[in-house]
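> My request is simple: use the sequences and hints to build the entire structure.
Residue numbers (the numbering used here), protein chains in the order written: chain G, 1 to 635; chain L, 636 to 852.
What you were told as hints is all true, and nothing was included just to trick you.
Think about it this way: if two alpha-carbon atoms lie no more than 30 Å apart in a straight line, the pair counts; the simulated DSS-like pairs of lysine-lysine are: (1) LYS428(G) / LYS744(L); (2) LYS699(L) / LYS226(G); (3) LYS699(L) / LYS342(G).
Note that these hints are calculated values from the structure, not bench results.
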Amino acid sequence: MTLLQIHEPGATPTPHEDDMRLAVGIDLGTTNSVVAISTDNKPEVLRDEDGAALVPSVVAYAPDRSAIVGGMARQLLLDRPESVVSSIKRLMGRGVEDVKGLRGVLPFEVEPAEDGGMVRLNISGHKLTPVEISADILKALKERAEEHLGAAVDSAVVTVPAYFDDAARTATKDAARLAGLEVLRLVNEPTAAALAYGLDKGAEGLYAVFDLGGGTFDISILRMEKGVFQVLATGGDAALGGDDFDHAIADHFLSERAGRLPGETLTRSEVKVALMTARLAKECLSRSECPGEWVLDVDGKQTSHALAPEGMNDLIRPLVERTVSISADVLEDAGLAPGDVKGVVMVGGSTRVPLVRRVVKDFFGSDPLANIDPDEVVALGAALQAEALTVGSDTLLLDVAPLSLGIETMGGLVEKIIERNTPIPVAKAQEFTTYRDGQTGMDIHVVQGEREMVDQNRSLARFELHGIPPMTAGAARIRVTFSVDADGLLTVGAVEDTTGVEARVEVKPSYGISEDEMAEMLYDSMKHAGEDMTRRLLAEARVEAGRSLSAVVSALEADGELLSPKERSSIEAAMAAVEKAVRGEDRDVVNASVEALDEATRAFAEKRMDRGIRAALRGVSVDELESGSQDEDAM
Amino acid sequence: MHSHVDNAQRTAFDAATGINLCWSCKGPVGSGSPFCPTCHMVQAPGQIDHFTRLGLEPAYDLDKGDLDRRYFDLQRRLHPDRFATKTPRERALSQSQAASLNQAYETLKDDLGRADYLVHLKGAGVLPEGCNLVNDTFLLMETMEMREALEEAGTPEAVDVLSRRARGDIEACVEQLSKLFQARDLEGACRLTTRLKYLRKLAEEARRARARLKVSG
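Here it is in structure tokens:
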């Protein structure tokens, strides 16, 4: 990083212009993942030597826990199924309880519950969380990007389904952290796709993004206006996708096979073979006329199965129709009719299935937009957003909270605090009181979802408030603030209003990873985690130093005449010291120099404040006060 | 990072002048200004009313296109995405700015939210008992009749008739609200705001009734 110069009065300081970092866009998909980078608003997918953009989201683990990611891992599915994981995205942010219903459907062993926390899988003798497995996929993508770009990549925009809840978003962010990537922003997949279609430029009106991936379905309604993307409504199903098509077809094959090979018990590897064959059949039937014959070969026993396009359509039609009924609900929620939508963007490999396109066209009454590869479109949009965040852009994404947030009240009912489709970031406060004399603590249970009863929604976290000053029952006024940031992640703060005492909030994410576990994982998985952390802290200290310097530069420009030459030169010496410190590598020196600069400008700040007070008391507005010295007003 | 102007001084300063100190360069900032005029650093959102936040005079009548433009324009400069590479403090401030702005926009763009907010903004200390009491027998009767009619409606078409009526009533109510606010009749506006709340609930119930009939039919 080069340094800020001290500018002459009148010259415009341009802070952070050399702060640019290489930031990539990552579509971390259920079936496949893609990494892309954008320069000068031109996004490009990073391919392997064979030209393939897709990295199968499949990880194979060796006994020493080393991981193989991608196509090679997928090939190992057949030979060493017990050491390979696929579709892990479905388990992101899921608890052991959630997964019970999926047992048998999932192509891997789930560890029995230990403490009701996050799911762990047993692979090659290793107990791994979905976060760790996803981190291995992200590491592979990071490596691919670094090879391509010949430089370190340390930050990314990562996409998530709009429908992902807080736990799944947190899990995704944790996975990136574990892979050594700072998440600049979690962007919803449909929004990223709309960005890739350039709908931010010129397009006005309402658009729908229909995203049917391997494991998830999302439908979003976006309003475009003058470069602003406003998400009006989103909906979907976090467990509906092309994988379900595969399952429907595989079930069909397996039931035929069972009829022909009576007495044979269904083995796990047989299921895997059937699923792979089903996927091949689906892809082939979606592209063209296929032989229509599919062979299952397990344990030397072959069975042959006929399937034509119409047959496949019959098998998957109920699933496809679910997407339309969800779309209709989302439109109705937003008070819209299908005809209000100007265009439909198709995202996700499963939108290649002709039946899906036909059904979407019939519902919206227009031909869907599908000229960008539906498997790459999300990563391309993420790359554009990564560039926008690091370099700057006129486009703005205004997103909404995908699910309502509420708290448990008497009788297991939910009181909604942040309604679904509220624009984010958002902060809402709710007041609570005590019910016992002298009560100093309180439990608050936060849930996410649309249903009325607590147990029908997803438990997000339990907060324990401590340190409430003892008062008579009902006298305390505890204001709990729920904030959802631009990534869709929740934080909670609490304060007792009558005394101003801040209650401590302890977050126990219902399905998340605690900070301790995270630290341990970082330590275990990355020998150079310490170095990474040091580097990041140094970078942060440098940014803070830049901020401090540019504040003093502005203050000198505005009010420099308040200083004697001696005072000015001591401030300038302190500034020079900061500049020098920033060129070095020692974070403590940087921080110390910034503190010294703060100290050196203390008298100056007081003089400026005196002048401000005097001017204000005379009735001169701040803007008038400043207008003589600063023409360009940030207002 | 480290402010040398202590909190007591700062509070005295704010109270005396209605202006704040920039946390970064310690220069003066008009309360409600999102940026410091000296060093351009983003400031805390502060306690200003929703109208002022969007640069509007407090009034019920509102050009929604203009509201959108102001909102988009401010979000373009305040949204956390604009601060992705800045210091943690700037990122946190931008988040609270954007959240305050979202709240102001969401409240004002909605005819009911705006009426409710304006009644409370103008009526604080003026209206005797807030604006939450239902002591309007006519309104209660009207609501009950409509509920009964909804329960009896057996076809989507019958529900549509009722829901059209509710929508018509809502429109008329909003027009009347505009006149009452112009005439500074806060008590009347308060009564109509309550009515609007009930009408909205009825329209929502009609919507749900229709969805139910569609499913069962």
